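Here is what each chain is made of, one letter per residue.
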Amino acid sequence: MSKVRQQDLTVGDTLPDPTPDSRHWVIYTRKRAGVPFKWAGYIDAPDVELALQYAREHYGLDEACVGILTHEHEDATDGPYEHEPLAASDASGDDGDPWTVLTLNRRGGTHVTAGTVRAPNAATAIERASATFADGRIRNVRVVPANKIYETTADDMVIWRHHDMSYKLARGYSKVVRAKWTRIRDTKAYEQYQQEDIGEHF
Amino acid sequence: MSGAANPVSTSDVTITCDPEQLAAFEQRIADGVLIEPGDWMPPAYRKMMLGMAEHHANSEIIGALPEGEWITRAPSMLRKLALTAKVQDEVGHGQMLYRVSQELGKSRDDMLRDLVTGKTKYHNCFNYPCPTWADIAMIQWLIDGAAIMNQKTLAEGAYGPYVRTMNRINMEEAFHFKSGEDMVLTLMSGTKGQKEMGQDAFDRWWPISLMFFGPADKPDTENLPPMRWRMKIERNDSLRQRFVNRFAPAAMDMGLIIHVCEKDEHGMVTSRKRDESIVLDEATGNWSFTEPDWDEFWRVIRGNGPCNAHRLALRRFSYEQGAWVRRAVGTGVVGTPPAA
Amino acid sequence: MTMQDMMKDPLANIVLMHADDKLMLGHIQSDWTGLAPILEEDIAASSMSQDDLSHALVLYEYLAKRFELDTDTIAFEREPADYRCCDLITIPDEFDWAAAVVKRWLVATFTAMSLERLATIEDDDLSARCNRLIPEQAIHLRHLNAWVQRLGRGTEESNTRMQAAIDLLAPSSGMLFEPPDASLADTESFCCGREEMYDQWLAATHATLASAALRSAFELPSRSDIGGRRGRHADHFIEQQAEMTEVRRAEPAPAW
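Chains as they are written, first to last, in the working numbering: chain W, 1 to 202; chain V, 1 to 340; chain G, 1 to 256.
When the alpha-carbon atoms are kept at most 35 Å apart in a straight line, the in silico DSBU-like pairs for lysine-lysine are as follows:
1) V:K121 - W:K38
2) W:K31 - V:K106
3) G:K65 - W:K180
Short derived list, chain G residues pointing at chain V, Cβ under 7 Å:
4) S30
5) D31
6) L39
7) L53
8) R153
9) T155
10) E243
11) E251
Label pairs and their computed distance ranges (CB to CB):
12) G:G193 - V:S107: 51 to 61 Å
13) V:A23 - W:N105: 23 to 33 Å
14) W:N147 - G:H206: 34 to 44 Å
15) W:R137 - V:M268: 55 to 65 Å
16) V:D110 - W:E63: 25 to 35 Å
17) W:N147 - V:S189: 55 to 65 Å
18) W:Q7 - V:D110: 23 to 33 Å
19) V:S107 - W:R137: 29 to 39 Å
20) V:P19 - G:E156: 55 to 65 Å
21) V:S107 - W:P120: 27 to 37 Å
22) W:Q7 - V:P43: 34 to 44 Å
Hints are computed from structural coordinates only; laboratory data are not their basis. Please read these numbers as outputs of a predicted model, since none were measured by experiment. Ideal placement from N, C-alpha and C gives every residue a C-beta, glycine not left out.
Chain W on its own, in the form it takes in the complex (with noise of 0.2 Å):
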């Protein structure tokens, strides 16, 4: 155990000056090639560079993962949660910067990237975005600003990794537990143990 650990540690009467929170990121990472980016979570970093790193080793290590997308919070616009699905309506329009949108099947769920739309501005980017991605359920559209949306590159980074990653996986365990289980207890006894375990996709 490292000294740190065991020392009886004598703590100051004041702490060191507080230091603001970073810069807000919100991340989205992918499964596979080609498919939709999926929200994953937040990071705090002072820059894209350290943002997108740490996305890799906190939110890019859970399962397989081959890209990460990133934006500042600021950075979005939210348009309202809807409790039913968007209608779909015929605003136009293609005047404009392009806008990245992402959209939300029910409240609750996680946002994935839908495409692109132009717009002079964000309250008009939600109004196209609501028209063109309107499908029967999706309840909410978010857009960022193209130029401020941020990727992984293919060649950047290996994201999962090759070596075998099953010591930090449920399913690394799951064969020799119920082995081991069901040297001490009959099968009918562990099926019903095992009940209240998690199961474990994403």
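Assemble the complex: chain W is given as a structure, and chains V and G must be docked to it using the hints.
Coordinates of chains V and G only, in the frame set by chain W:
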């Protein structure tokens, strides 16, 4: 690991807000619709939700410390990797949970400062010592097991950001629990010394896990805001009974004996006797059991546990020692690219 | 086959050099989990310590196959004199993040080069394993180079602390280049000339230092300096290895 039974006292939270909006809010919750950060919410809800996520985050951050003591001594490459990953996960959970509270209006730095100065609290179970390797196995089996039961219910809550965080956390808890199970099974089918180590650690952690869900709730708990607003989903006693029903027979099948123990002020067992009340009621399917020492619970939660001071001192030391790094990284200065 | 057979094999010693470096680097850094200065960096640094431990395991598995041994036996059951790590790695960092970063960075710069060379060995299994490790090693080096720069240039305070860490560790960094066996110093089986590798490492570290407003003087020790790689270990390695094996030694058991 997990948030406890509601840590934010409701008696001092006055619910003053527009009755129509409140009624609409409560109807939405009753209908199973999730609340998102942009929605109207009663000020009391915002405050309680912030406090709940903060307490849960604090618990993860402090929870990383007892098990962290054994990383350097893990007795195989698999256990070394797995324990490091598990403790890493707790830091990650803390990061995600602090985010929920950050979004509700408190900075992470403020939350860490309040934690290390004792202004805010964390789950009681981390105020106990881990004197042997077997304690690690028992924590991952019993405490993570209890946390999973609790967090599965919390994932049915009403606040979107917290529910999404619970879903992510629970994926990793599955690994923690399975790894813990594997370690306990290995110890209890191992050498005489391993079995004794296992039994001693079980004696320490069984009562702590019974206390995990908190003391019995008030009779009108379903009507109070935490349950009414689906911040808390199930009563503490109900969770505790489900825990015993699962783990008591499992422990006994492994060859563990469930004892009633006396402990000293260091958290070490001084005497033990078999708990004769561990009996299955065939009609209800419930196992009866001896309640843990609730006086001990209140003593420890008020600061007089075996490790309270040590945990906070270590985390505070880490915060103090790391301040220069946060200052440097916060400037956002990166190096100039090396000359070609 | 036995451990003694393994310890007599020159290639095994080279593999152990890489594996033991990784084992001890991972061992030390994993102990920071939960205590690092920034939560996100805590997670990232722990991730990389797990990589190092996993890399060690990948190389121990190669040896386990060849010599019909068990990986935990190789990792934990050798006498201290049979470990081939250099003692730079186990110099205590005394809970100083600057020392932790600088040490990992010095070692990672070396390992990136050394693995490339090891991958050219005429052993399909070993070179395949190295080729899996190399891209992950590159992530570590990139992350650590960036950290040296951020802390070197961030504030005056951080620059001072980083400089102090470099001044502390630089005199021992030459230990990286000790061959694990005197017979390997000149032969092809060490995969390259020791001086050539040192020059390359020097260029790489100096480039990063320059961009980080830091400086150092490194030295290649004389060939007659026998250190950790040839089994003559400092007390701090022996203590760490003892801590690492404490539970196993207290209760010898077939499984944990």
